[in-house]
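There are 2 protein chains.
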Amino acid sequence: MTSAFEQLQKQLKQLPGLGYRSSERIALHLLVEKPARLPELVAALEAAARTVRRCSRCGHLAEAELCPICADEKRDRTLICVVEHVPDLVAIERSGAYKGVYHVLHGKLSPLHGVGPADLNLASLWTRLETGEVRELILALPNDVEGEATCHYLTEHLPAGGQVTTTRIGFGLPSGGGVLYADSVTLKSALEGRRGYQ
Amino acid sequence: MTSAFEQLQKQLKQLPGLGYRSSERIALHLLVEKPARLPELVAALEAAARTVRRCSRCGHLAEAELCPICADEKRDRTLICVVEHVPDLVAIERSGAYKGVYHVLHGKLSPLHGVGPADLNLASLWTRLETGEVRELILALPNDVEGEATCHYLTEHLPAGGQVTTTRIGFGLPSGGGVLYADSVTLKSALEGRRGYQ
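From first to last, the protein sequence lines are chains E and P. For the first sequence, the numbering used here begins at 128 and goes up steadily by one. For the second sequence, the numbering used here begins at 128 and goes up steadily by one.
Hints were generated in silico from the structure; no laboratory data involved. Since no wrong hints were added, every one of them can be taken at face value.
Simulated DEER-style distance windows between Cβ atoms:
{"id": "1", "chain 1": "P", "residue 1": "F298", "chain 2": "E", "residue 2": "Y308", "range": "36 to 44 Å"}
{"id": "2", "chain 1": "P", "residue 1": "R202", "chain 2": "E", "residue 2": "D246", "range": "52 to 60 Å"}
{"id": "3", "chain 1": "P", "residue 1": "F298", "chain 2": "E", "residue 2": "Y147", "range": "22 to 30 Å"}
{"id": "4", "chain 1": "E", "residue 1": "R322", "chain 2": "P", "residue 2": "P269", "range": "54 to 62 Å"}
For every residue, glycine included, the Cβ atom is placed at its ideal position computed from N, Cα and C.
If we strip away everything but chain E, and leave its shape as in the complex, we get (with noise of 0.2 Å):
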């Protein structure tokens, strides 16, 4: 193979999900059966790295000062859901289930890797929720060690005087899983969060 194509494959390589032969084959894709795609692809990466920024308030991906969630005036901002990465939020709002606010931490504290909460997006969240319009913080972080730690840190450091009550989002069986095929991690986390029933 030639070279500029060995190193598109090995740039291709590098991305979440693709490996040897996927790569070599979204290559070929790109060079021999599509080549009109591929200037199309560089413009969308391009005018995509030109005008994605992080909004202002929340973290999320944004075209402007603020992201189109922020921006929606039907959106409860007295509800604040804690995510840890843009996925997670973008995952949040697929299930439709959520009509408040967001905010992107960005990461989640981990002192074994060098993680502290001046590496997170925390100045903008303390901003947000002295304002005092904040009724609920909802933190949908995972339950890994980093996870538990950022959620204690946030209680912890709630300013002083609001009214903020903090939830939790919950852990269990997936929906449609049995317990049979559920870890025990899982399992533990499903019986700790049982609730009155009827």
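Could you slot chain P onto chain E? The hints should help.
Coordinates of chain P only, in the frame set by chain E:
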């Protein structure tokens, strides 16, 4: 989501093997997680688009007049393996089982889809055969209707007076696959392609 993001996702989704979720994941990866990779990917795409072209002899990808295989003195030039597309060539190269050279037709005859002999990379194949140095033409084309028609056309139109033997790659059970799991067309090919044992 922002519109530049959606445009990028749409472009990625058109690539082979990528669906809605995987293209979203890659777009978020390039914009949020590893933004430094985006310009590298753009550069690799542009470099490949600029430098990669067709080998003037065999039709494979090349960065010079000839592809690395045609330019390689150690390959057996008396043996030409005819394939439909570049990925077929790549798959045969990966097997390491072939030391001859190739000829990529960039398609197969298909009157139904309006693909005639003039649409295939045939002119340079006739030139190669007319030199008289080719001993064997291995047809590595699929055994569907179009593949059969293309094989038939090639054998019918070989340059007169040449000493070229035409062969077809074997069809049958995939290595490691048992009779139990093979579809009936494959079993038919395997029976037709039986050979003397010992």
